[in-house]
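Q: Sequence:
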Amino acid sequence: MRAVIADGAGGPEVLSVAELPDPEPGPGEVLLQVAAAGLNRADLLQRQGFYPPPPGASDIIGMECSGTVAALGEGVTGWSVGDEACALLSAGGYAERVAVPAGQLMPVPAGVDLVTAAALPEVAATVWSNVFMVAGLEPQETLLVHGGAGGIGTFAIQLAHQLGAKVLTTAGTPEKRAACAALGADVTIDYREEDFVAVVKESTDGHGADVILDNMGAKYLDRNLDALATEGRLVIIGMQGGTKAELDINKLLRKRGAVIATTLRARPTAEKSAICASVVEHVWPLVAEGLVRPVVHGTMPLAEVAAAHALMESGAHSGKILLTL
1 MRAVIADGAG GPEVLSVAEL PDPEPGPGEV LLQVAAAGLN RADLLQRQGF YPPPPGASDI
61 IGMECSGTVA ALGEGVTGWS VGDEACALLS AGGYAERVAV PAGQLMPVPA GVDLVTAAAL
121 PEVAATVWSN VFMVAGLEPQ ETLLVHGGAG GIGTFAIQLA HQLGAKVLTT AGTPEKRAAC
181 AALGADVTID YREEDFVAVV KESTDGHGAD VILDNMGAKY LDRNLDALAT EGRLVIIGMQ
241 GGTKAELDIN KLLRKRGAVI ATTLRARPTA EKSAICASVV EHVWPLVAEG LVRPVVHGTM
301 PLAEVAAAHA LMESGAHSGK ILLTL
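Sequential numbering of the sequence shown, starting at 1, is according to the UniProt record's numbering.
Note that these hints are calculated values from the structure, not bench results. If you're wondering where the values come from, they're calculated on a predicted model, not measured in any experiment. Where a beta carbon is used, it is the ideal one built from N, C-alpha and C, also for glycine. Please note that a few of the clues may not be correct.
[Stated by the list, open to error] Listed below are the simulated PhoX-like cross-link pairs for lysine-lysine, each with C-alpha atoms no more than 20 Å apart in a straight line:
| no. | residue 1 | residue 2 |
| --- | --- | --- |
| 1 | 251 | 201 |
| 2 | 219 | 244 |
| 3 | 201 | 166 |
| 4 | 201 | 255 |
| 5 | 219 | 251 |
[What the hints assert, rightly or not] Using C-beta positions, here's what the derived DEER-type ranges look like:
| no. | residue 1 | residue 2 | range |
| --- | --- | --- | --- |
| 6 | 207 | 78 | 42 to 50 Å |
| 7 | 202 | 256 | 20 to 28 Å |
| 8 | 256 | 195 | 19 to 27 Å |
| 9 | 78 | 2 | 25 to 33 Å |
| 10 | 248 | 55 | 31 to 39 Å |
| 11 | 240 | 290 | 29 to 37 Å |
| 12 | 253 | 19 | 54 to 62 Å |
| 13 | 111 | 250 | 46 to 54 Å |
Build out the structure end to end from the sequences listed, making use of the hints.
A: Here it is in structure tokens:
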């Protein structure tokens, strides 16, 4: 099969396409003939040598894909050869074929084409598990999403809006803020020119954000606590702004707040399967109705993987970038 390999750790130029042996589905796994693979920030970190795949996972980059079932491993039920699906992966998505635990395979929602479906697994599982399963965002509460124009941000805005929350988001350009507003953001914040804490306080009559979905980490920690409502929940899912910061415990105690740091990739298969099942139950109906949709910046062929990584690193995109096979 054709698959992306990395010639050591480094910039996008280390990526190229080579011929590798086809994977074989093990017990409980499904072999997927890949139609498209989604790019994620974690892919850039893996390429740079900072985020290795979990033990036992493929060295091939790629944490989500869509495709057609090509073979079933021992003990798999509920799927047939030829079924269209999308999948949450630990690794292996940048390839023509990938073996996936059956529980991490999800049907393509009605109304979504097979290639576009590759934009869904990671964002849907990340947003649903963190904002709703972990942080428990309720209707009428306020959600602050950092990086609203990215893949996760565009999905979080839509899902929270459809489920009755007030949504505030940060984004860096007028075009990106307009796109966020069109998706359902009630307030958009220019993080380059505006103090997001002040805007959150002003927009909520001093209440603050009940849930904050943060991809920045250290750089925003103290200001996120300032923006947090009493009994608010700060969920950290990224480290684009660094890994180490000072936590003012007194500030957190006064707000009876919670700081939650989560990852999805390294969770046991059973946990990821439970998240995928919950996504299919609760999120896919909204996608099928067209109320929540995958936002795709563009597609590029697998051979242009280096250019796709460079585009993601530039930050010039809005929504997901997909590699097609």
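Q: So, for every hint listed, does it hold in this structure?
A: Going through the hints against the structure:
1. Among the hinted pairs, residue 251 with residue 201 is consistent with the structure: their alpha-carbon atoms are about 16 Å apart, no more than 20 Å.
2. Taking the CA atoms of residue 219 and residue 244, the gap is about 8 Å. The hint holds against a cut of 20 Å.
3. Between residue 201 and residue 166 the CA atoms are separated by roughly 13 Å; this keeps the pair inside 20 Å, and the hint holds.
4. Of the pairs offered as hints, the one joining residue 201 and residue 255 holds, with about 14 Å between alpha carbons and a cut-off of 20 Å not exceeded.
5. For the suggested pair residue 219 and residue 251, the alpha carbons sit about 17 Å apart, so the restraint of at most 20 Å is met.
6. Between residue 207 and residue 78, the C-beta spacing of about 45 Å keeps the proposed range 42 to 50 Å intact.
7. At roughly 23 Å, the beta carbons of residue 202 and residue 256 sit within the given window of 20 to 28 Å.
8. A hinted range of 19 to 27 Å holds for the C-beta pair residue 256 and residue 195, which are about 24 Å apart.
9. Between residue 78 and residue 2 the beta carbons are some 29 Å apart, a value that agrees with the proposed interval 25 to 33 Å.
10. Checking the proposed 31 to 39 Å range against residue 248 and residue 55 shows it holds: the Cβ atoms sit about 36 Å from each other.
11. With their beta carbons about 31 Å apart, residue 240 and residue 290 fall inside the hinted range of 29 to 37 Å.
12. Checked against the given bound of 54 to 62 Å, the beta carbons of residue 253 and residue 19, roughly 57 Å apart, stay inside it.
13. A hinted range of 46 to 54 Å holds for the C-beta pair residue 111 and residue 250, which are about 50 Å apart.
Consistency with the previously given hints is maintained throughout, with no hint failing.
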